[in-house]
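Engineer: The chain contents come next:
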Amino acid sequence: MRDFAELIMQLGSSTKTNDKLDALVHYFSEAGSRDKVWVIALFTDRKPKRPVNSTLLAQWCTEMASIEWWLFEESYHVVGDLAETIALLLPETEEEKEIIDKPLHYYIEKLIAIGREPEAVKKDFILGSWNEMNQAEKFVFNKMFTGGFRIGVSQKLIVNALAKTVDLSPSVIAHRISGNWDPSAISFEELLSEHTVTQDLSKPYPFFLAYAIEGDVTVLGDPSEWMAEWKWDGIRGELIQREGAFFVWSRGEELMTDKFPEYQPLKHLLPDGVALDGEIICMPETKPGDAGIPLPFSFLQTRIGRKNVSKKQLKAAPVGFICYDLLEFEGQDIREWPLVERRKKLKEIIEKVQHPSLLLSPEVDFDSWEALKEMRSQSRDMFAEGIMLKRKSSAYQVGRKRGDWWKWKIDALTIDAVMIYAQKGAGKRSNLYTAYTFAVRDGEQLIPFTRAYSGLTDKEIAEVDYFVKRNAIEKFGPVRTVKPELVFEIAFEGIAASKRHKSGVALRFPRISRWRRDKPPSEINTLDDLRDLLKVYGNKL
Amino acid sequence: MPLIEFTDKGLFCREGGFYIDPWRPVDKAIITHGHSDHARWGSKYYLCHHHTKPILQHRLGPNPYQSIGWNETIYMNGVRVTLYPAGHIIGSSQVKVEYNGTIWVVSGDYKTENDGISGAFEPVKCHHFITESTFGLPIYKWKPQKEIYNNIQNWILKNQAAGKTSVLIAYSLGKAQRLLAPIAEVTKNIFVHGAVFNMHMALVNAGHKLPWVQRVQPDTSKEDLKAAVVIAPSSAEGSPWLKKFLPYEIGICSGWMQVRGNARRKNADASFVLSDHADWKGLLQSCKATEAECVYATHGFQSVFTRYLNENGIEAKEVITEYGDDEDKGLDQEPEETTI
Numbered sequence: 001m002r003d004f005a006e007l008i009m010q011l012g013s014s015t016k017t018n019d020k021l022d023a024l025v026h027y028f029s030e031a032g033s034r035d036k037v038w039v040i041a042l043f044t045d046r047k048p049k050r051p052v053n054s055t056l057l058a059q060w061c062t063e064m065a066s067i068e069w070w071l072f073e074e075s076y077h078v079v080g081d082l083a084e085t086i087a088l089l090l091p092e093t094e095e096e097k098e099i100i101d102k103p104l105h106y107y108i109e110k111l112i113a114i115g116r117e118p119e120a121v122k123k124d125f126i127l128g129s130w131n132e133m134n135q136a137e138k139f140v141f142n143k144m145f146t147g148g149f150r151i152g153v154s155q156k157l158i159v160n161a162l163a164k165t166v167d168l169s170p171s172v173i174a175h176r177i178s179g180n181w182d183p184s185a186i187s188f189e190e191l192l193s194e195h196t197v198t199q200d201l202s203k204p205y206p207f208f209l210a211y212a213i214e215g216d217v218t219v220l221g222d223p224s225e226w227m228a229e230w231k232w233d234g235i236r237g238e239l240i241q242r243e244g245a246f247f248v249w250s251r252g253e254e255l256m257t258d259k260f261p262e263y264q265p266l267k268h269l270l271p272d273g274v275a276l277d278g279e280i281i282c283m284p285e286t287k288p289g290d291a292g293i294p295l296p297f298s299f300l301q302t303r304i305g306r307k308n309v310s311k312k313q314l315k316a317a318p319v320g321f322i323c324y325d326l327l328e329f330e331g332q333d334i335r336e337w338p339l340v341e342r343r344k345k346l347k348e349i350i351e352k353v354q355h356p357s358l359l360l361s362p363e364v365d366f367d368s369w370e371a372l373k374e375m376r377s378q379s380r381d382m383f384a385e386g387i388m389l390k391r392k393s394s395a396y397q398v399g400r401k402r403g404d405w406w407k408w409k410i411d412a413l414t415i416d417a418v419m420i421y422a423q424k425g426a427g428k429r430s431n432l433y434t435a436y437t438f439a440v441r442d443g444e445q446l447i448p449f450t451r452a453y454s455g456l457t458d459k460e461i462a463e464v465d466y467f468v469k470r471n472a473i474e475k476f477g478p479v480r481t482v483k484p485e486l487v488f489e490i491a492f493e494g495i496a497a498s499k500r501h502k503s504g505v506a507l508r509f510p511r512i513s514r515w516r517r518d519k520p521p522s523e524i525n526t527l528d529d530l531r532d533l534l535k536v537y538g539n540k541l
Numbered sequence: 542m543p544l545i546e547f548t549d550k551g552l553f554c555r556e557g558g559f560y561i562d563p564w565r566p567v568d569k570a571i572i573t574h575g576h577s578d579h580a581r582w583g584s585k586y587y588l589c590h591h592h593t594k595p596i597l598q599h600r601l602g603p604n605p606y607q608s609i610g611w612n613e614t615i616y617m618n619g620v621r622v623t624l625y626p627a628g629h630i631i632g633s634s635q636v637k638v639e640y641n642g643t644i645w646v647v648s649g650d651y652k653t654e655n656d657g658i659s660g661a662f663e664p665v666k667c668h669h670f671i672t673e674s675t676f677g678l679p680i681y682k683w684k685p686q687k688e689i690y691n692n693i694q695n696w697i698l699k700n701q702a703a704g705k706t707s708v709l710i711a712y713s714l715g716k717a718q719r720l721l722a723p724i725a726e727v728t729k730n731i732f733v734h735g736a737v738f739n740m741h742m743a744l745v746n747a748g749h750k751l752p753w754v755q756r757v758q759p760d761t762s763k764e765d766l767k768a769a770v771v772i773a774p775s776s777a778e779g780s781p782w783l784k785k786f787l788p789y790e791i792g793i794c795s796g797w798m799q800v801r802g803n804a805r806r807k808n809a810d811a812s813f814v815l816s817d818h819a820d821w822k823g824l825l826q827s828c829k830a831t832e833a834e835c836v837y838a839t840h841g842f843q844s845v846f847t848r849y850l851n852e853n854g855i856e857a858k859e860v861i862t863e864y865g866d867d868e869d870k871g872l873d874q875e876p877e878e879t880t881i
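Protein sequence lines correspond, in order, to chains A and B.
Each step along the first sequence adds one to the number in our numbering, with nothing skipped, and position 509 is 509.
Add 541 to the 1-based position in the second sequence for our numbering, that's all there is to it.
If we strip away everything but chain B, and leave its shape as in the complex, we get (with noise of 0.2 Å):
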């Protein structure tokens, strides 16, 4: 029996009784990160990193959860449990399984490139290692993030000069944190969208220190809005709740902004090709780098992927998950808390 099995539940370890990951109720689930697709309610206890225990409470409500830092093992049933940073989100971590002298390596979602916020990720050498595959095609390759910054602040220092306000849709964990120092250095007229403000105040009150930022509410006067920038989910695209900020100029960051179609199906006046997924390179060099003897490729371009794994040498398996609900429905139905 391999010391990870994947199982209708999720990714299981049968010698230390707990799953990672998994997306029906279990006893012991480790968790990744907070996105929904990977954390998910019902199990009767979670162990995650110190970031990630805040995000849970706040999206979970309140559970048996124990949190440890990077690089900390802990033991569950004698097999030695050890996270990693993942650079993903806040919080995102890489869960490492060791058991009598074999590795597996639990990615969840994971980004190369450091963004000051999630930690900054690092290869951990294993026998097994479990990969996303989100955006595994070589049409996805990233631009350094100091230039796309440069775009964004761009963009908002045009539309304030036309009187506009930027509305940036942006995911409420994740690329909203992420937004702000970039943002911050141009403007301190920031809003957020009731569903980013509640997940700001979680971190912000668990001692993470982000950019000053007001809830955009019923009252808020046209006159503070103007010319400011307000950080949206997608859920708010195309709602009357926009109204509000008129005259704006609406603004897309997503990876998914690579490819023109997406871009121009969403009707946006600008889109950032920013994503906190590795791009093809990224996965790539992170596959290496682990010197797996076999990677196994989740949501996302997975049979792409590790074809091209196997052709050049890795030994690469395409795995079946319930992962990447978000990212898949992602463009166009984010399945975000929508309260105002």
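Excised from the complex, chain A in its bound form (with noise of 0.2 Å):
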């Protein structure tokens, strides 16, 4: 446990990727192999579930700690993170004690063992391992079973530094690692051997990612070498069929098959050993294989998060699929192959199979730059984000690349409001004042209609931290009214109407765009303003 909890506090505290590589790499040569496979899967979301929930964690913290509750709650606004907080809060371990520094792995197992256990046992091991353990041990200890494991390294990090470990090239190691294994099942070998991934059918490839264009779109030369289409709004997704086995993948690796009983139909009509990239999104029912306008992400809302989705919603928010991309033709991975040639076989089979849930993701004709600017500016109408460009050669990569794909998006909409409550942010963020709430103006009154977190720099955030603490009105848990004075511009995707805010809207992806420190409070916008937005580019519910 002690090397690994070095590791997390190297990953931690260093600002450059190749101290983090080094630091992974150096970790990767010297741990144990079911620590190894341990890591990998902390770090790809594959986290054992929970043993306890928080609330009787804290309890368990507060015990030890001999504090009250109340000023566990204060420690824990103040740090911002849960396992954090209590691993300051619990008392040291005595120094003179002999500790035997126990492997990642029994903890780890023990876990997941102690999961049906009852509460004394749970208690006595927790307890017991707090006991046994230095600060940062605590905190690592603390986060395996709590909240997310973010600590500054993506996915790719890991995958590089298992490369430079094994031998083996990045692309090979993210599709070995992702899919469906059981960490306490598979040894390090295992796991990235050729071997395993022809036994696991389901094993996805990684999505290829595009960054946003910089600068002016002419800089991409030579518009007949691009494809374009829309950039359309929903979640990525990837259809595998192979060995009569169907699966559907979502973004974030998550086995989402079952969610969507559109798309079972599609099991008996896709060819065997193909995968497919493409949006899942939801669609009024349309011709066979022709991507029309789909619906709004808001209908989609409606079917992720549930685990069972009723007749009334599979009608009202039908879904399909809009293809993109084909990975995987007649069982071989063709990601090397250019795009056009992907792409012609990808019509074939959904030409083939002529299914109202599978459409093909529509090109965008444009001869010049300027024309495609044109048809850019529409997104909005077709419930798209922009567009997608796409260079025909370019070859399927891994993960977010500049070069062969880009996205260029549109303006989003915005609004000026008025901040009028605050609560401190969590991780980098904790102890700031980082998460607020903006109001449009109703006359004499002020109308909540968002929270927004980002989109500030450091020194903003400072300084509107410094406002907070010094024009907090009242005090409700966390939260701070604070006098209504600071402006910001605040930019969103979307907007739909609601039924759950009092301003009678929820928009989509807000964030703030910049401070208008320009603009005094009573020139905001008002709640009419946002009412003739939905009227403009809300869905008709």
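Hints in this document: simulated from the structure, not taken from any laboratory.
These figures come from a predicted structure and were not determined experimentally.
Possibly wrong hints are sitting among the right ones.
Stated by the list, open to error - Across the chosen pairs, the derived CB separations fall in these ranges:
no., chain 1, residue 1, chain 2, residue 2, range
1, B, GLY704, A, SER522, 56 to 64 Å
2, B, GLU546, A, ASP22, 58 to 66 Å
3, B, GLY657, A, THR457, 37 to 45 Å
4, B, GLY657, A, LEU209, 27 to 35 Å
5, A, SER522, B, THR643, 48 to 56 Å
6, A, GLU254, B, ASP765, 54 to 62 Å
7, A, GLU92, B, SER844, 21 to 29 Å
8, B, TRP582, A, THR457, 29 to 37 Å
9, B, PRO752, A, ASN134, 30 to 38 Å
10, B, SER762, A, GLU460, 36 to 44 Å
All C-beta atoms in this analysis are idealised placements derived from N, C-alpha and C, irrespective of residue type, glycine included.
Combine the two chains into a complex, taking the hints into account.
Structural biologist: This is the structure in structure tokens:
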């Protein structure tokens, strides 16, 4: 456990990707096989299920640290992370005690094993573990079964570190550590060996992602080298059909096969040995193969995050799959083929399948950048987020890469609003007021309509934090009401009617686009302005 | 009328006709220590410890100053005023105010561990104790300074071995001086930012024995800086001034580094939890040791700290002051001289 805790501390404090890579490579070359497998699992969102809920955990911590509950809560608001709060509050382990360092997999496997045991057994194990750990180890231990294990390490970094350790190419590694595998039943060697890949039929290919285009689109050169398509606003997904079995993966590597019954007929229609990259998105009933105008993202929101979908929901928000690309054909990995070749095969498959749920992402015709710019301005009418540009000769790469694929999004909608509540953030933004609620004006009243976080520089955040600390009016738990004085421009991607919000609207992906120091709160937008936007861009539910 | 009143100009002793650490200009000011949120300009008379005087002269310019030593008493309008060490920075003092059998102690900022240059904090028995609460939360517990010094020394040695300069971010008054002795144990090659240097010279000229440092000058050669240690205030962070030291590693010394989020936000290569303030335990023990019947908590986590004291048998009240501006903002912007 000690070397793993040390690794986490190094990864958390180093600011250079190369240092992080070195730390990981060092760990992978020293650690035991089973520990390595668990580290890969932890960093790729394959955490063990939490054996206890966070309230219970916090309660045990207050007992062991002999502090009151309110003091725990105050500390938590400052630290912004449950695992860390507990690690900081627990008493130091007595130094004279002889501590035997147990391996990482011991703790994880034990955590899994106690899952079904009575509470007393769980408490015994967790308190006992805290007792034999230093502060860093306590933190890492707590992290393993609370919240996300986000410590500034991307999947890409893990892949690169593994590639360096075992001498395989990153794209092969990325493929091998994706999909369905059980960290408690597989060894490091098995996980990375070729043999295992063929065993796991469901294994998806990692998605190729695009960066936003910088500067003017004409820098891409000759338009004829490029293919354009709409950037659909759904969830990126991958359909896999292998040896009679059918799988649906979403980005974030979540197996969602059962969530979308609409796709089930495809199981019998798709040829064997294919993997299709596309968008999971709600579609009104259309003709087979013809991607008309999809439904806005708010429809899809009624479907995701639900275990059981009712008939009514299925009818109101039917899901389709708009195909972008073909990654596997006749059981062969064809990601190295040029895009146009892959698309040709993809088209053939879709035409053969002839099913209303399986659609081809249409190409947007253009002969000049000027013409494409014109097309892009119509994105919102298509409920698309903009245009995707892909080099016709490009291979299907792994992860976010520059060069061959670019996204060219439309400008967001904006509204000027005043900040009325503030709350402290978490993680990197702990102890700073970084989560704000904004209001528009309605006559004499201020109506809250959205929360937003990102978009300010560190310096601006410090300034807002300073303002909040001096202009707080009331305290509601961690939330402060503040003098309505600071005006911000809020950007968002879409707007929908909502009965749950006082303002009657819900925004899609709201964020602060800039601080309007030039505007007094008397000149912010009104609730009527929001309603006008809803009329023009909102969905007609 | 209580002996010390909380007014909009600061802590006021009507009987003695003086203020302690006032934030507006007054006739008579007693100053606990030289940090800018406690020692402000414009008053007509300043009383402080001998070691604080050169700091005030350096920061506030020529004024009528009077200085006394620790455990030394002076009468102001018949009110007994005595200074005791606060252990916060060089010269920092607690002010004991005594009249008609009632004793108040104003702690200013303090830390309970003896750093070797600021004097050893001693709790002073009193009826009313005014305490700071900068780190008044149980998550703040400091490790012994020796352990932290060891970490800093190892970090410097590691950087030296890699041919890198070690840039340490520390307050120019207080931590910059405190760090010198442990750093001098591993290297003689210590450079400082102009703001640190000016303060350093003011202290050295006043007779303090501090390890030898060099000022970073526009013509300081890259060769001299190689693998050296540089001490700079936080205003230097992220500024082009640092380019001179490439390749370098940057380390931050602050109690705020106790929380990972703060450390990560600063984007430093290393962070050292080293503070000149008392931690949670230190604050509690000090309040208990004064045996005060009432504790007043100023700048920091005063609401948490007073609630805790009240629930644990010590009467406590929150006091709103204008102290702690440095600390609050200090995390991201430290209002310090940026002369280079």
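Engineer: Now tell me if each hint is right for this structure.
Structural biologist: So, going through the hints one by one against the coordinates:
1. B:GLY704 <-> A:SER522: 56 to 64 Å: This hint holds: roughly 58 Å between Cβ atoms.
2. B:GLU546 <-> A:ASP22: 58 to 66 Å: 60 Å, holds
3. B:GLY657 <-> A:THR457: 37 to 45 Å: For A:THR457 against B:GLY657, whose Cβ atoms are near 40 Å apart, the range 37 to 45 Å holds.
4. B:GLY657 <-> A:LEU209: 27 to 35 Å: 55 Å, violated
5. A:SER522 <-> B:THR643: 48 to 56 Å: 52 Å, holds
6. A:GLU254 <-> B:ASP765: 54 to 62 Å: The hint (54 to 62 Å, Cβ to Cβ) holds, given that A:GLU254 and B:ASP765 are roughly 56 Å apart.
7. A:GLU92 <-> B:SER844: 21 to 29 Å: 27 Å, holds
8. B:TRP582 <-> A:THR457: 29 to 37 Å: Hint holds: Cβ distance 32 Å, inside 29 to 37 Å.
9. B:PRO752 <-> A:ASN134: 30 to 38 Å: 32 Å, holds
10. B:SER762 <-> A:GLU460: 36 to 44 Å: 38 Å, holds
When the structure is compared with the earlier hints, a violation turns up for hint 4 alone.
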